[in-house]
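First to last, the sequence lines map onto chains A and B. Take the first sequence: its letters are residues 425 to 639, numbered as in this note's numbering. Take the second sequence: its letters are residues -9 to 601, numbered as in this note's numbering.
FYI, nobody ran anything at the bench for these hints, they're computed from the structure. In this text the structure is predicted, and so the values were computed from the model without any measurement. Wrong hints could be hidden among the right ones.
[What the hints assert, rightly or not] If you anchor each label on the Cβ, the simulated ranges turn out as follows:
1) B:Asp128 x A:Glu548: 55 to 63 Å
2) B:Glu67 x A:Leu462: 33 to 41 Å
3) B:Ser59 x A:Leu462: 33 to 41 Å
4) B:Lys130 x A:Glu548: 51 to 59 Å
5) A:Ser489 x B:His94: 16 to 24 Å
All C-beta atoms, glycine included, are put in the ideal place defined by N, C-alpha and C.
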Amino acid sequence: MGAVVASLSMQTKQRRPSRDKAEDELEMTVVCHRPEGLEQLEAQTKFTKRELQILYRGFKNECPSGLVNEDTFKQIYAQFFPHGDASTYAHYLFNAFDSGQNGSVKFEDFVMALSILLRGSIREKLRWTFNLYDLNKDGYINKEEMTDIVRAIYDMMGKYTYPVLRDEAPRQHVDAFFQKMDKNKDGVVTLDEFIASCQEDDNIMQSLQLFENVI
Amino acid sequence: MAAGVATWLPFARAAAVGWLPLAKKSMPKPPSDNKSRNDEILIVNVSGQRFQTWKNTLDRYPDTLLGSSEKEFFYNEETQEYFFDRDPEMFRHILNFYRTGKLHYPRHECIQAFDEELAFYGIIPEIIGDCCMEEYRDRKKENLERLAEDTEAEMSTDAPLPPDSTSRERLWRAFENPHTSTMALVFYYVTGFFIAVSVIANVVETVPCRPPKGRVKDLPCGEKYSLAFFCMDTACVMIFTFEYLMRLFAAPSRCKFMRSVMSIIDVVAIMPYYIGLVMPENEDVSGAFVTLRVFRVFRIFKFSRHSQGLRILGYTLKSCASELGFLLFSLTMAIIIFATVMFYAEKGTKETNFTSIPAAFWYTIVTMTTLGYGDMVPNTIAGKIFGSICSLSGVLVIALPVPVIVSNFSRIYHQNQRADKRKAQQQDRHSGSQALCVRNRSSFEQQHHHLLHCLEKTTNHEFTDEHTYSEVCMAESVGYRTSRSTSISSHQGLSTSCCPRRAKRRAIRLANSTVSVSRGSVQELDTLHIQKSSIVPQSRSSLNARTQDLKLNCDDTDFTAAIISIPTPPANTPDESLPSSPGIPSILRNSRQLGDCSGSFTHETVKISSL
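In isolation and in its complexed conformation, chain B is listed as follows (with noise of 0.2 Å):
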């Protein structure tokens, strides 16, 4: 919307004559308008291509190659036109974001093409419009993934390792990729091996086997050969501490290690067996120590280091959390109200199974899950009917809309991720708002400020922001009169969201450093404020995303006193902005631009009280 408002601000400054015979002041004068009167034509030959607009499209983003001087680098004196040895398939777009306001990315392009254009012409991505930004944003990801992936292959890959790495690094290495040498490779199906040994006695020892001499009922194998089993164990979970221990010492990062997925399940699939070892053989508490024996089959889980399906199916389900949450939570909300419904239907019925809501949670179950075990069935008539009702639903809630369900929740995550992208696109820009700067103040927002300048003028009030008014708010119910600074940020506020371009950069006023202080008919001066903004001044180039390779010209951060004055009686008082008047101090809003490396906007106000 940039090139809309700038072709009403001339429109809007016409109109504030309408404001003049309201005025008790004379306006404040216009900023001078250097922009040539005569607007011409550029020849932009892209490859071949050319392109013709008006120099003042061009213009409208003097952060940019085209806006900026920096384009005289490739202007060719004998065909009088800028020569460009790019794509000219992307320029027609590149070129349509000046002519609109709206950077548009083309789906059928590379997004990689497309950054790299976007880089050279010194445009940052994230102006790219809502109606293309989701697009872009996908793709992007996309492409950091497959990135990521490629070299994350490729580094998994035979690639010598360094001749001076440790061999902790190589045991590391060893662990994480067993195909690099024999060794791990050994390793790594002894230890798949033993798992599946594991597993299979856990399973093997519950298995009824035919009894001893002398007895008559069937001992499960666990039972009966129960030194063998537990020699068993103690091998498997032996080879497991080992390997546990080993990949600690040579995790490079042990804290992470050991907050790792990975971790926490070899721990767990070990701690049953060193726990029953120093428990005491006391009944009552091997009844708790049985139950930790279920945990030695999460030894189950030691299989996705060597799986790399079922580590996919793990990051899927943890992505989709969110999803099977809602379908939970909506399934036991339906369990609850039928249960509900079931158990006080059936409450008349005597010897009734539905002794409970509790207990009526199994048959809602069961009968919307379609199972019918059958070992609880509504007796009454109005059981019946919301039992058929409960089986009918449980076939809509889960059984017939899977592909629906499924859809909904792809629809609804999908909502949440452009909430979150528009979220996060917010959060680009305003935080992108901050970075950037202009070197020199364009002419639109000359104008502008001084359109609000007269508005200020003919109301005989003055915009600030919300900080100084409550703190004026809270002086004036104390009761005693301060001076305060009316700061920039009312106008910076006004350049970020008027201008969504532009707000890219924060207003920079041009000092004004001249600052008179006349105490004859200055009542009292209150306070004096040392306004100390450190914004920075990024070169154009640094507009893209990478901002490391990058010099950034930094000025020392500098101070602008503001000295207040309190408002003298109006009758005298002649007021103007931008030169200081000679005789009563004028109020002064303007800071310098400047600079700091490290990237941020800080606004420290400092007052000292003087008198």
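Chain A on its own, in the form it takes in the complex (with noise of 0.2 Å):
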């Protein structure tokens, strides 16, 4: 990965030579990422130079660092959602963007998962989202995941909805889930399984379609 991490500090020359803490914050450090080349990029993901040049210039308007961090990220995601509280899912989100769980999203990242997103195969997309729902990343999504992922989906609408939320609105949400996917009944739901089930589903494999053109 070609990141360059460019550090300006500044020293003035009255510093005393013992720095204490509060001197460590005075000395500025900007780091700034910088991505891959055009081409790199081009590569790696399935769009456009042209493409590539209106993400980055968006990403760059943004974030002038290269580097999303989660709160930034969370306030971001919050616009979207005025209603209720999004930050629980942006959190799961931003875990799932950020592939190299450092804590921040690069625009390689952003850029990879818009192209998994918009112009992956169906495959990939699923795979993605099983990635989304597994929070530990360790290759099973039991049920405690997915309630917490539901939890905050239904979070992200608010107090006011209609009909009216209740409690185990989520819980039934997830039983339902688990009754589609779980083909083994063994409490968990594995890549596979979460794939075949989806692949059988025509409602889903439907909307896969309509997001293709969000670019």
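The two chains are supplied separately, each in an independent frame; assemble them into the complex guided by the hints.
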């Protein structure tokens, strides 16, 4: 990965030789992440050069440092769902985007995820979704993880919904999900079960096609 | 943040793939995106300085000149650029607004020039970012005050009266602007002279004069020459009464005049005399009458009509009233504390002056202001200690930090002003958001609403507003099934919060007037909602502050029926939102944009029960 970290530190000449903690804060460090070259990204993703340019321009405008950290991500995502609390789901989403699990999303992560979601094959999309649901990334989705995700999604709806949101709604939803997905009824859903079940469901297949031309 | 939000929307929509396996129903169709994929660079030539920007950047704000088709009027075919004969320096800020979503006010520019540029480009000044908003408002206020002063000065100069003014108007003008005619000037000086005479008479009549023959004690002159003083007083009061009555007669608005400060001063100045006339020469009552004479000194305030400086002082005091009150309050607290302490410290002493806490107030005030009359002195050691603490703290509280207090007050004053400004700013934003709307719904909003739609489908619940929600709760508690419309206010609330720039415009949903009601599978149709919304469609130029010189295209208010069905069992509900399904009635949440010249947003929901 061609990550370039440029750190500029300003030190005044009058600074005492002993540096304590307070002075460490004065030292300005600008960490700037620059993505790999355009050709490389074009090879790795299914976007054209032009699309990558448009994406990067927007991304750079918002995050001049080239990195999105979780709080910023939560803020941004919350703007789209002003009714409810999107922070939990944003947290899970952030983890799904942050492939390196290092707490910040770079432009490459951003673009690769978008490439999968918008231009990927059905299998790739479903694998991405499985990865999203699998909170601890152990290859299995169990009921607790699913409940967390579903509850987070319901949180985004907010309080004022029709019909009135009941407490057992997420649980019922999860039960219905497991009923459909868990073929061998062992309490967890594996990737293959997940993909197989989704491929059997026409609704899901149809909907997957809808999001192709978002960019 | 509109630019930022718009950037991340495709990403949020792509992430919606994560909801798909959970959704029981299929997702609604996304809106078709008419935006051309090929973004082009536009050249904008402002008085020779060429600015280049992406077309999409300008399209972010379709309510402005550069964002709408109005810029085509300025397109130069030969040079293939948009030419504006305006200030290029200012244009830089305008263009930055498109790029960053924040409008900044350049401090070195003239406020009027800036306003004019904003008006030309169709940008409302309320969008100015918080960082520059305070400066902008301050300058604007200054400018307005200056303008007001100018117009006032203009009016008060010797502009000749219109020839057909009535004598009443002439009289009023003579009173307000004594320089207009010699008669008025004479009257002005005469009244001034008599005010001075009256005040001096009040003062002199208390001076002790030599006693008349046969008396030993000194008499105040007022009693010695009581007749002379009485005549003088009568003359003054007659002049003042005459003046007051003439002003009352000439005033264009008598009620307003009677409520004004100057007229109250006039009344207070002359009332004691008349009360004294009608009051009997009773010893008991004359005590009260004597206090009334104090009010005669208020005649000195009549000078404020003659003196601009006094008026300014009064205005300043009035505007600083809250700060002075705060100072007084804190002083009172300190006084009470020290007085209490001194009282209890001196309680044991015999024949002490500190007979009560209120008596100790006097000591505290005298000590804190470093006057130190010495009429009350502490005797006990504790009293002396606390007394010295009191005087030291008096120095601190009053004498030493007078500039610091003044600056504190101005800081408190500015803080309050800032809070008020921010509140006013928020109110403006809020009210502004109701006044503006978009003619064409932007693609951003369409996509955003599609995203929310997908979420609704995933969770099998819908967004409603608080009002509807509480009604549903009530209805459910009653145990009787009602059907309600999910109002579009959820989406409207959305647009005000998520897109603060675009919050200026209400989300207008395109009308989908096809409503089909099939009685077959519907169990019950309880209510028919008629939503009548009036929203002002304002043409772009109306985004400026001047709205009076505007022609609005007003359509008639229109009705859209939203017919609701009770949710049938989920198993066989093919739920589709935008196009209505043939069989089962769908929930319709659209209303057409409507026009109303009154400029207010009214949302009336009329419920008709039908079976």
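Evaluation of the provided hints:
no. : hint                            : in the structure
1   : B:Asp128 x A:Glu548: 55 to 63 Å : holds (57 Å)
2   : B:Glu67 x A:Leu462: 33 to 41 Å  : holds (35 Å)
3   : B:Ser59 x A:Leu462: 33 to 41 Å  : holds (34 Å)
4   : B:Lys130 x A:Glu548: 51 to 59 Å : holds (56 Å)
5   : A:Ser489 x B:His94: 16 to 24 Å  : holds (22 Å)
In this structure, every one of the numbered hints holds.
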